[in-house]
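Sequential numbering of the sequence shown, starting at 78, is according to the numbering used here.
No lab work stands behind these hints: they were computed from the structure. One thing to keep in mind: the hints can contain errors.
Under the rule of at most 25 Å between Cα atoms (straight-line distance), these lysine to aspartate or glutamate pairs were calculated in the DMTMM-like manner [said to hold, decoys possible]:
id	residue 1	residue 2
1	209	197
2	105	134
3	105	199
4	200	178
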Amino acid sequence: MTENPRNPLLTVDIIIETMGGIVLIRRKNPPHGWALPGGFVDYGESVETAARREAEEETGLILSNLHQFHTYSDPARDPRHHTVSVVFTASASATPVGADDAAEAGIFTVDDLPAPIAFDHEKILSDYATFKAGRALAKSAPL
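Sequences are here, hints too, so could you generate the full structure?
Put into structure tokens, the structure is as follows:
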């Protein structure tokens, strides 16, 4: 065993539905672009707690109906680090306001996304649209 193991960093992203669309934030920090609200899980914090915290910090929204959607782990998904993201779906009943790491927040439909989209969030949103349409997501390779 190595003395300093290198492990992927754990993150959360949240697909928040409100007012007929999905909440995206415009990032203040690199990599710039529009993204799902989310961030790093703190030590001692559950992924569910991290999702609620990050959503409130970046959008001011209090989440309801929080459900785990899918996990994304492509080592190239974040140009800064190897991250693993647990993606959640949730709903909210207010207008998002950009705060913390978000320069602004907006509500968009999957068919009318702003550009550029950061990270692998365009794939995540495409997978979500497939799921919402009642179609199965592509299966990963057999183990």
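Results of checking the hints against the structure:
Taking the CA atoms of residue 209 and residue 197, the gap is about 19 Å. The hint holds against a cut of 25 Å. For the suggested pair residue 105 and residue 134, the alpha carbons sit about 13 Å apart, so the restraint of at most 25 Å is met. For a cut-off of 25 Å, the pair hint linking residue 105 to residue 199 stands: about 19 Å separates their Cα positions. As the CA atoms of residue 200 and residue 178 are separated by approximately 22 Å, the hinted pair is consistent with the 25 Å bound.
Against the hints set out earlier in the document, no violation occurs for any number.
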